[in-house]
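Enquirer: Residue numbers (my numbering), protein chains in the order written: chain H, 1 to 251; chain Y, 1 to 247.
Just so you know, these hints were derived from the structure itself, not from any lab. From the three backbone atoms N, C-alpha and C, an ideal C-beta is built for every residue, glycine too. There could be a bad hint or two in this list.
[Stated by the list, open to error] Computed spacing ranges between beta-carbons, pair by pair:
no., chain 1, residue 1, chain 2, residue 2, range
1, Y, L105, H, D213, 44 to 52 Å
2, H, G105, Y, L34, 25 to 33 Å
3, H, H203, Y, G26, 22 to 30 Å
4, H, E230, Y, L105, 52 to 60 Å
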Amino acid sequence: MVKRVDERGVPVHADADPVVKVSSLTKLYGELVAVDDLSFSLEAGTITGFLGPNGAGKTTTLRLLLGLVAPTAGEALVFGRSYRELDQPARRVGAVLESSDFHPGRSGRDHLRSLAVAAEIPWSRVEEVLALVEIEAVAERRVKTYSLGMRQRLGLAGALLGDPELLVLDEPANGLDPAGVHWLRRFLRWFAEQGRTVLVSSHMLAEAAQTVDHVVIIDHGREVASGRLEELTDGGRTLEDIFLELTGGAS
Amino acid sequence: MAQLRAELLKQRSTRTGLGLFATMLGLVVLAVFLHGFGLSAEDLAGTDVQLMVFGRGEFLAAIFAALLGAMSFTAEIRHGTIRSTFLVTPRRGRVVAAKVAASMLIGTGFGLVAGAAAVGAGAAALRARGIDVQLDGGDYMLLVLGSAVAAALLAAVGVGVGALVRYQVPTLIGICAWLLFVEGLLVGDVGGLGDVGRFLPGAAAAAISGQGPGTLLAPETGVVLLAFYAAATALTGALATSRRDVG
Numbered sequence: 001m002v003k004r005v006d007e008r009g010v011p012v013h014a015d016a017d018p019v020v021k022v023s024s025l026t027k028l029y030g031e032l033v034a035v036d037d038l039s040f041s042l043e044a045g046t047i048t049g050f051l052g053p054n055g056a057g058k059t060t061t062l063r064l065l066l067g068l069v070a071p072t073a074g075e076a077l078v079f080g081r082s083y084r085e086l087d088q089p090a091r092r093v094g095a096v097l098e099s100s101d102f103h104p105g106r107s108g109r110d111h112l113r114s115l116a117v118a119a120e121i122p123w124s125r126v127e128e129v130l131a132l133v134e135i136e137a138v139a140e141r142r143v144k145t146y147s148l149g150m151r152q153r154l155g156l157a158g159a160l161l162g163d164p165e166l167l168v169l170d171e172p173a174n175g176l177d178p179a180g181v182h183w184l185r186r187f188l189r190w191f192a193e194q195g196r197t198v199l200v201s202s203h204m205l206a207e208a209a210q211t212v213d214h215v216v217i218i219d220h221g222r223e224v225a226s227g228r229l230e231e232l233t234d235g236g237r238t239l240e241d242i243f244l245e246l247t248g249g250a251s
Numbered sequence: 001m002a003q004l005r006a007e008l009l010k011q012r013s014t015r016t017g018l019g020l021f022a023t024m025l026g027l028v029v030l031a032v033f034l035h036g037f038g039l040s041a042e043d044l045a046g047t048d049v050q051l052m053v054f055g056r057g058e059f060l061a062a063i064f065a066a067l068l069g070a071m072s073f074t075a076e077i078r079h080g081t082i083r084s085t086f087l088v089t090p091r092r093g094r095v096v097a098a099k100v101a102a103s104m105l106i107g108t109g110f111g112l113v114a115g116a117a118a119v120g121a122g123a124a125a126l127r128a129r130g131i132d133v134q135l136d137g138g139d140y141m142l143l144v145l146g147s148a149v150a151a152a153l154l155a156a157v158g159v160g161v162g163a164l165v166r167y168q169v170p171t172l173i174g175i176c177a178w179l180l181f182v183e184g185l186l187v188g189d190v191g192g193l194g195d196v197g198r199f200l201p202g203a204a205a206a207a208i209s210g211q212g213p214g215t216l217l218a219p220e221t222g223v224v225l226l227a228f229y230a231a232a233t234a235l236t237g238a239l240a241t242s243r244r245d246v247g
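So here's chain Y without its partners, still in its complex pose:
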């Protein structure tokens, strides 16, 4: 518990978290408006497209939560604070666990705010254009709460990846490239392997918020799969951290 409180204090005492939060929120509104005002009225009338547009909250919350989680580790490597952190808490698994817990808590907040902002901005955009919103209360709930769960779990993935890679710039580029680019290439029938794309972390995160019904996994399956990814990366990161030398 002491380690968790220390991690939360570290997060509070720099501007990194606030900067990530503000950037995320700005991008959510921008992305939703670009879609909401850029797509044709015909496209926007469909439920699937509306879920995708309103799901930009989950998408961006997931990315930014992963970055926040990763930076909770890589920033300590970059600035050398990892040394005093491990001198105070030589049981390094505890440090990684505390970073996972702190990042998941903050990620939950990112997801709730981004999910709600996307829903609000999306509804406003559609109303402004006179397009009927096809979504019901259950969809909204899933978009907001699913965004929170997805962001929390990706925050844990981020900590694990950060602990494995350690270097800040490659870690952040890797996370962005994966979620923004690589997963997009693996959607659909890839190399005759079938539709493997929907089993990847970003797609599982989208599924949790109810996006892509029919093409993505069911939300509850997405939660289980993403929780598995989170646990696997965080554990691997913790193990590597316990064994490696700190120069």
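Same shape as in the complex, but just chain H:
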């Protein structure tokens, strides 16, 4: 797909729909309110940090967005449609939800190939993404021999198979060493510079502050703040100050 930009160099999406549009999204698990009337949308070409304390509903929201979990009320749309109604979703959206969603006895290459076959993506693309995340050398090894960092990269390779326009990552920096975090940050910036969009959940604020340009902060399933990071941190306050104040964690 051609990435278009307007006269100011800001990426323009092919259709008018926002990349992600979450409207009054609510999810109940019995009595537990996991996501509570949440609304936000993402523009193309941005890296949005989806922040909140543990148990705030970040993971549930991402699963609602990706059609794995059905909403109790409201809707979550990607490119104007619910995920489950997208044609060839792997070519539009890539996602890494857990750091180790692999069969331990399958090689990294075979894991990617099985996804590629189902998505009707040629195996040559498997080699490309293996190179992109720099794990060609271990591609033939079974995943059980992988370090956490290699697994994170393999997950990312799977998300990138379809050369998607939107990347959704749940806590991708967990367990990465400093070099891995640095690599991930550069990778996400490179990805977004092409007019593509990233939604990345995190509770590592210092890291998030260095990577993202927009934030959506939630607590108890509700949005407590959103906007451009620069505007939120205007006046010399750090993302951590704002986060702790809004989520009631300030001492």
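Given the coordinates of chain H, assemble chain Y onto it according to the supplied hints.
Expert: Showing chain Y alone in chain H's frame:
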């Protein structure tokens, strides 16, 4: 079709299928030899007993095919690959259908090999003891082909049960307990209900390979009944899979 090819690749790319196949084959030879050398010559002279001994191929192929089918689903739950599977193919009914088709194909192979191995081992055991084999070409054909059909259909049942139960250990224990133990308790006149045992899936699978003439259903009736069980469990599993949340 893409989903079917993906499922076959998933099956090929771990050692699970090969492990199940080797275990099944070893148990077939062991079971046939235990019967063939353990039973009295008098017992073994009868057609019904010979069909039962030679039918250990069908029996074990059916169990292992059901386990293979179930694991095609439960292993994805256990290792979390179900998430990327459903992200690539959000139409979950297609995923379940592809698992049914792939498991039936592999189950057919399990059934053919196990059926043939049991017939070969059984004939060798009887010859070694100087006991005449009472079975003819038609019986052999039914034992081998019936084993293939029975295993294919039970593979589909396994996928359905796996999709319904989802958790690997309870699923596998449930399948083994049912086929190895529970059905055995329900043979004969149960609680005045009549001979309901022969209508159960394991008994229908045995009937397909020509075992228990007179006590079990006719082979063709067994095929129809087991196909019904396969369709019912697979459809129920697919429906449940489409509606449930994937955590």
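Enquirer: To test your reading of the hints: which numbers does this structure violate?
Expert: Of the numbered hints given earlier, the structure breaks just one, which is hint 3.
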